[in-house]
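Chemist: Each chain, letter by letter, is given below.
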Amino acid sequence: DAKTTQPTSMDCAEGRAANLPCNHSTISGNEYVYWYRQIHSQGPQYIIHGLKNNETNEMASLIITEDRKSSTLILPHATLRDTAVYYCIVRVGGSNYQLIWGAGTKLIIKP
Amino acid sequence: EPEVTQTPSHQVTQMGQEVILRCVPISNHLYFYWYRQILGQKVEFLVSFYNNEISEKSEIFDDQFSVERPDGSNFTLKIRSTKLEDSAMYFCASTRISSGETQYFGPGTRLLVL
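Taken in sequence, the protein lines are chains S and R.
Numbered by the working numbering, the letters in the first sequence go through residues 3 to 113 in order.
Numbered by the working numbering, the letters in the second sequence go through residues 11 to 124 in order.
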């Protein structure tokens, strides 16, 4: 089973920051938090990942709490094209790892 | 930017027929994966592959499934005798050799078994 819990759905106004929470209270010290998204039934798209520190790239920011039991994905200026299902995944395994997917959060960006 | 490609994008087959789904991973990647997603359900891990052998497989990946890297670029998933419940999106993913590398996914093949 997935090691994460996420809200089923969220709305966000276009142009505003979208903050997607994720709980992973049983995460181990060497397990990464990954975020992917899936638009319609397209292939999952990698967004960002982190271990302990906050991370930022051209798509998003990832804020991980100090106890690592939860994290937040931030899309700083959401557009209509960001409407998708967002998956928070704790990576299980070593170099050859599998991703265990939950149901994700359906994010709807409204004009 | 390099990306994983998959063919065909759609495949319709009759129950009991064999299908081969093809993937071209990113060129310098050495770990390969297949996942599937039944309509409206979660993405599920099927199998991982490295150094020309299966590294790990799920309970879904039974004797009807096989994977192969027939040449230096392609990675295939074969379903020997398709069942109605094999209808799903099948996604290929790949990573580089280093541990902790991100899995990058292809666009998927939509398989419909009639």
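These are computed hints drawn from the structure, not numbers from a lab.
Do not rely on the hints blindly, as some may be mistaken.
In silico EDC-like cross-links for lysine to aspartate or glutamate, where the CA-CA straight-line distance does not exceed 20 Å [stated by the list, open to error]: (1) Lys67/R to Glu78/R; (2) Lys93/R to Glu54/R; (3) Lys52/R to Glu78/R; (4) Lys5/S to Glu69/R; (5) Lys93/R to Glu63/R; (6) Lys54/S to Glu111/R; (7) Lys88/R to Glu63/R; (8) Lys108/S to Glu54/R; (9) Lys5/S to Glu63/R; (10) Lys71/S to Asp84/S; (11) Lys112/S to Asp69/S; (12) Lys88/R to Glu111/R.
Chemist: Tell me if the straight-line CA distance from lysine 54/S to glutamate 111/R falls inside 20 Å.
Modeler: Holds, because 16 Å separates the two Cα atoms, which is no more than 20 Å.
Chemist: Hinted pair, alpha-carbon criterion (20 Å max): lysine 88/R, glutamate 63/R. Please report holds or violated.
Modeler: holds (15 Å)
Chemist: For lysine 112/S and aspartate 69/S, compute the direct alpha-carbon distance and say whether it is at most 20 Å.
Modeler: Violated - the C-alpha atoms of aspartate 69/S and lysine 112/S are around 33 Å apart, more than 20 Å.
Chemist: Within 20 Å, alpha carbon to alpha carbon, are lysine 88/R and glutamate 111/R?
Modeler: Violated, at about 26 Å.
Chemist: Quick one, are lysine 108/S and glutamate 54/R close enough, alpha carbons at most 20 Å?
Modeler: Satisfied, since the Cα-Cα distance of roughly 18 Å is no more than 20 Å.
Chemist: Taken at face value, is the distance from the CA of glutamate 54/R to the CA of lysine 93/R at most 20 Å?
Modeler: holds (17 Å)
Chemist: Within 20 Å, alpha carbon to alpha carbon, are lysine 93/R and glutamate 63/R?
Modeler: violated (25 Å)
Chemist: Could you grab the alpha-carbon distance between lysine 67/R and glutamate 78/R and see if it respects the 20 Å cut-off?
Modeler: The hint holds at about 14 Å.
Chemist: Holds or violated: are the alpha carbons of lysine 5/S and glutamate 63/R at most 20 Å from each other?
Modeler: violated (28 Å)
Chemist: Hinted pair, alpha-carbon criterion (20 Å max): lysine 52/R, glutamate 78/R. Please report holds or violated.
Modeler: violated (25 Å)
Chemist: Is the Cα-Cα distance between lysine 5/S and glutamate 69/R 20 Å or less?
Modeler: With Cα atoms ~19 Å apart, lysine 5/S and glutamate 69/R stay inside 20 Å; holds.
Chemist: Decide if the proposed pair is consistent with the structure: lysine 71/S and aspartate 84/S, CA atoms, cutoff 20 Å inclusive.
Modeler: Roughly 26 Å between the alpha carbons, so the hint for lysine 71/S and aspartate 84/S is violated.
The earlier numbered hints that this structure contradicts are 3, 5, 9, 10, 11 and 12.
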